[in-house]
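Protein chains in written order, with this note's numbering: chain A, 1 to 297; chain B, 1001 to 1170.
Everything labelled a hint here was simulated from the structure, so no lab data went into it. For glycine and all other residues, C-beta sits at the position ideal for the given N, C-alpha and C. One thing to keep in mind: the hints can contain errors.
[Said to hold, decoys possible] Some, not all, of what chain A presents toward chain B, calculated at C-beta under 10 Å:
#	residue
1	Ile23
2	Glu35
3	Ala36
4	Arg93
5	Ser124
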Amino acid sequence: MDNNRQGAKASIIALIVFIGLWITLPSTIRRLNKEAFSEFQAPAIQLLSKSRDLARYWELRSRSTEDLIAAGRDLARINATLELKLHAMEDIRKENLRLREMLRYPNSTEYLTVVARVATRDTSTWWQRMLIRKGRNDGIRPGCPVVFGNRVVGRVTTVHLNISEVELVTSPAFRCTAFLEGDDPPRIVHVSGVASNPFTTGRAKVSIIQADYTPPAGQVAKVITTGLGGVFPTGLILGTLEGGVTQTAQGNLKEAYMVPSKNLDTIEEVSVLVPKYPTAGEILMSPTDRIKLEEFK
Amino acid sequence: MTLTWAWLILFLATYPWLIAADLLSSSLSSWNLVFYISGLVIVAPCRRLRRWQAILFSAFIGFTFEALRPIPHGSLAFCLIFLAIILSSFPELLRDKARLRQGAILVNAISCFIWYLAMSISMREEIPFQFSSFLYNLTLQLLLSATLTLLLFNTISVYQNRVMDKLRIP
């Protein structure tokens, strides 16, 4: 028994020494370790998510033919309307390009859309995240905006080979600038996720609202991305204001809570907007030999 | 004679339970709680594995939990290693079934408390610290961890013991 206790003492001393070493180790080694464990888990997560999709597929297969015909008919009508809109958009795009060339105005960031299925969600007081089934192999990069239609879901934080971690708009670590609907001229406000208590809906806080702002009467004000900061394109909906706008303790500004525009607990599929060219932030953070200036131009 | 890679095989055999807990967290994501069982899964193996094997097993369990979460890297893994050293060095603490269950509740709750505390420290710049809110959320998280241990410990330990029997671990 004494030998056992002595062994335990020696093990604890060794553990303390190892923790000291771990703290002083270069962060690359810690990151490598984290990456190895993430990659180990990725196939299992993918497999589970795909099996859930398969179950859904068989569930849909059991639907009656009449239901499918009705759904197909509705889709065909929506497609026809969208096709008309697409033609109009193409004309607007061409005109926009021509005007930009005439004024020598720099082109706004162009994005490639990568559609990804949601593998798992992971929420707690400290984080609100989801894992998606697309990763580095599909061209996704850290910092890419994640959307559903024109509604913001979150931002990619970490990218692995075949999966990516997405921080949701309600996550406490999420930060973004926005405009408020009904604010004329539009002034910048700050949106940040809030640590949410168990059994409550995730929310974000909208702060630095100017004191003279009043939300439009009879409707909930939308919170819209500014396009500044180089992450989110302009005009996407972050969410809607909830429970009115209140004065801060100092009285010079206002603040409000925002609920996401899409229910993030039930979302099954998202689109990741991958910038076609490296963003200014990526160029600053990357070694010069990896991203050449010519490529950026 | 203990197999050298027994701890790894046992880890791979235990992994589906961890994934199942993650799936449960995912399905009930509106609860904003983590279905945490990483602490309870180390108790039964620590009784039978050698100390170094128990350490490696616990480290892998800890790093697996941390890998896809923004928890300060190593905080949970080292906590589990410490608990594994205690459990494998003092087997008399877990001499009967009741003690074993109490130990599992304690280990799961302590390790849950450690990662929760580590998160609150690492996020202190982003979230203003409010003691009442922290205590409320922590209590709910610990209660859930303890309840999960009560519900799942028997099943998981029987399963792990069967795997260890197959591996001929004494």
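The hints, checked one at a time:
{"no.": "1", "hint": "Ile23", "verdict": "holds (8 Å)"}
{"no.": "2", "hint": "Glu35", "verdict": "holds (8 Å)"}
{"no.": "3", "hint": "Ala36", "verdict": "holds (8 Å)"}
{"no.": "4", "hint": "Arg93", "verdict": "violated (38 Å)"}
{"no.": "5", "hint": "Ser124", "verdict": "holds (5 Å)"}
Against the hints set out earlier in the document, a violation occurs for number 4 only.
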